[in-house]
Amino acid sequence: MKDVLLIDDDIMEQKLMHVFLTRRYDEDFELTYVDNLDAGLKALDDAEFDVVFIDHYLPPYKGAHETYPLISGHVRKASLIYISSGFTPVDRFPADKNLGFSFIDKFDIKDRIMNGLLDS
Amino acid sequence: MLNKVLLYFETNSFLAHGYCLTWRTDLIALHAISDLLIFASYFVIPTAIIYLFVKRPDLLPQRVAVLFSAFICACGLTHLIGLITLWQPIYGFEGIIKAGTAVISGATAVASWMLIPTALKLPSSVTLSEKNNALSHSIREQSRAYEELDLIKSQLELRIQERTRELQDKAEALERVNASLSQYAHFASHDLQEPLRKIVSFSELALDEGKAGGPELGQYLETIRKSASRARNLVRNLLHHAELDRYQPDLQEISLKHETGRALETLELPINDRECEVHINVPDITIRADPTLVLQILQNLISNSIKYTPADRKPVVSITAEAEGSVIKYVIRDDGIGFDPVYRDRIFEPFARLNTGGEFSGNGMGLAIVAKAAALLGWDISVESAPMQGTSFRIGIPADLKVVNGGLGE
Numbered sequence: 000m001k002d003v004l005l006i007d008d009d010i011m012e013q014k015l016m017h018v019f020l021t022r023r024y025d026e027d028f029e030l031t032y033v034d035n036l037d038a039g040l041k042a043l044d045d046a047e048f049d050v051v052f053i054d055h056y057l058p059p060y061k062g063a064h065e066t067y068p069l070i071s072g073h074v075r076k077a078s079l080i081y082i083s084s085g086f087t088p089v090d091r092f093p094a095d096k097n098l099g100f101s102f103i104d105k106f107d108i109k110d111r112i113m114n115g116l117l118d119s
Numbered sequence: 000m001l002n003k004v005l006l007y008f009e010t011n012s013f014l015a016h017g018y019c020l021t022w023r024t025d026l027i028a029l030h031a032i033s034d035l036l037i038f039a040s041y042f043v044i045p046t047a048i049i050y051l052f053v054k055r056p057d058l059l060p061q062r063v064a065v066l067f068s069a070f071i072c073a074c075g076l077t078h079l080i081g082l083i084t085l086w087q088p089i090y091g092f093e094g095i096i097k098a099g100t101a102v103i104s105g106a107t108a109v110a111s112w113m114l115i116p117t118a119l120k121l122p123s124s125v126t127l128s129e130k131n132n133a134l135s136h137s138i139r140e141q142s143r144a145y146e147e148l149d150l151i152k153s154q155l156e157l158r159i160q161e162r163t164r165e166l167q168d169k170a171e172a173l174e175r176v177n178a179s180l181s182q183y184a185h186f187a188s189h190d191l192q193e194p195l196r197k198i199v200s201f202s203e204l205a206l207d208e209g210k211a212g213g214p215e216l217g218q219y220l221e222t223i224r225k226s227a228s229r230a231r232n233l234v235r236n237l238l239h240h241a242e243l244d245r246y247q248p249d250l251q252e253i254s255l256k257h258e259t260g261r262a263l264e265t266l267e268l269p270i271n272d273r274e275c276e277v278h279i280n281v282p283d284i285t286i287r288a289d290p291t292l293v294l295q296i297l298q299n300l301i302s303n304s305i306k307y308t309p310a311d312r313k314p315v316v317s318i319t320a321e322a323e324g325s326v327i328k329y330v331i332r333d334d335g336i337g338f339d340p341v342y343r344d345r346i347f348e349p350f351a352r353l354n355t356g357g358e359f360s361g362n363g364m365g366l367a368i369v370a371k372a373a374a375l376l377g378w379d380i381s382v383e384s385a386p387m388q389g390t391s392f393r394i395g396i397p398a399d400l401k402v403v404n405g406g407l408g409e
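If you read the sequences in order, they're chains A and B.
Quick note: the first sequence uses numbering that gives the first Met the number 0, first residue 0, plus one each step.
Quick note: the second sequence uses numbering that gives the first Met the number 0, first residue 0, plus one each step.
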């Protein structure tokens, strides 16, 4: 069972994520959706997740450089993945792979999930 | 030969000069004192010449100083010998001294004439005074020129410093503009790709759903339509925002009350849909402004007030205007969801979105357009807000843009 948390202000992202997870894991997953960071932090404090997807430009923040300091202390063992449409090198802040999070373009999420992104 | 020479120093055969003066005491004394004083004087004068030469060797050549000194000393010696001969008849020796004096006098006489051309070339005291004055004047002119040069130099240095500072400011401004443009392009790219990705993703889902005859096809198509509409609105707003960069305001005398009514008319549909309650207290103030820009500002602000009021409540919007000192305060207040005042400065930036949830989704360009239009009009705009306590946009219109009795004035 994969426990996935999605933090994105656009509710349609929940629909897409649900479809992609269903195609890969059938019903062997649980998707929790929230549309703001405060709700996301509460969800992280209340339960454990395998993966946290968070919108890179989650309002009212301007990017990962603003949200990472707020969320990093709550994710525990979960993989933290920043998602956005059309990532550029500028988005990838900070460019340190050891910080324990990654960036995935929303255009690639479906393929990445189908190729086992959440399996490890 | 030696005898002939010694003969010159023989005195026995002569009488002293005193005999000639019959040893008259007064005559002897007159001659003796006079010769003594002349001798003393003739030795003092060369001392003065030699002293002068030592102190100012530039005034006369060494040979001239020596020659004239020797001439005067020799003359002095003849008077000394003359004094002695009053009692001792050393006339041979006196003759030798006179002969020596004659030689030196002749040489001095020749030398003195030879000095004449050089001496004539020496400037007179008047000439020297004139030259001194001219030199002083020249020195003063030079000093003045140096002072002017120093002034010009310091002015030039100041100018260089100012110019350098201006260039630095411009370079920094350009850097800021570049960074801003880069950020603008970055956010524009992201916000345009977002609806495109939804169109692509939901198209795939719609195709699959269509083939399977699933029930969600309509919902997927509706999402595609909304995404396309969102992309179109964003492109339109981006263009609108960009066009303002080269927009030339067409200032006209307009009624603030009339423009408020015009903005509300264009928003009639959302106002009616949301059963919005609008309170207006705008006196009939005439201002000088561009009506297109004014309409854009008012439309966007009133539209925001309606949009950011939760759907389960009727929006209440209050629009007031009043003169406060030298400024007309125009305020649009709502009782909507508000926002954290921490983001007060960010709200006017392009692509800024402070609220989450589809209910309050915007493209973040409306207030950026408002800010740019207000800047073009010279209007000051600020915002006050708190979460769930509504928002107040305050516009400060400078009073010099207010029209009184058909003319501009306070």
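Derived from the structure by calculation, the hints contain no laboratory data.
The C-beta atom is built at its ideal place from N, Cα and C for all residues, glycine as well.
Watch out, some of these pointers could steer you wrong.
Facing chain A, from chain B, some residues (calculated, C-beta under 7 Å) [what the hints assert, rightly or not]:
1) S188
2) E193
3) Q251
4) Y342
Negatives, chain A to chain B, calculated, CB over 12 Å [what the hints assert, rightly or not]:
5) M11
6) D25
7) D34
8) D45
9) A46
10) P58
11) R75
12) G99
Hint check results:
1. The beta carbon of S188 (chain B) comes within 6 Å of a beta carbon in chain A, closer than 7 Å, and the hint placing it at the interface holds.
2. Interface hint status for E193 (chain B): upheld, as the beta-carbon distance to the closest one in chain A is roughly 4 Å, under 7 Å.
3. A cut of 7 Å between beta carbons decides the hint on Q251 (chain B): the least distance to chain A is about 38 Å, and the hint is violated.
4. Taking 7 Å as the C-beta cut-off, the interface hint given for Y342 (chain B) holds, the closest approach to chain A being about 5 Å.
5. Its beta-carbon lying about 6 Å from the closest one in chain B, M11 (chain A) breaks the requirement of being farther than 12 Å from that chain.
6. Interface exclusion of D25 (chain A) from chain B stands, the closest Cβ pair being 16 Å apart, more than 12 Å.
7. The claim that D34 (chain A) is not at the interface with chain B is violated, since a C-beta of that chain comes within 12 Å of its own (minimum 4 Å).
8. For D45 (chain A), the condition that its CB be more than 12 Å from all CB atoms of chain B holds, with the nearest at approximately 19 Å.
9. Annotated as non-interface, A46 (chain A) keeps its C-beta farther than 12 Å from every C-beta of chain B; the closest such distance is 21 Å.
10. At the 12 Å boundary, the C-beta of P58 (chain A) falls inside the reach of chain B, the nearest C-beta of that chain being 4 Å off.
11. With a least CB separation of 24 Å from chain B, R75 (chain A) remains clear of the 12 Å interface cut-off, as annotated.
12. For G99 (chain A), the non-interface assignment is confirmed: its Cβ lies about 24 Å from the closest Cβ of chain B, beyond the 12 Å cut-off.
Hint compliance for this structure: hints 3, 5, 7 and 10 are broken, all remaining hints hold.
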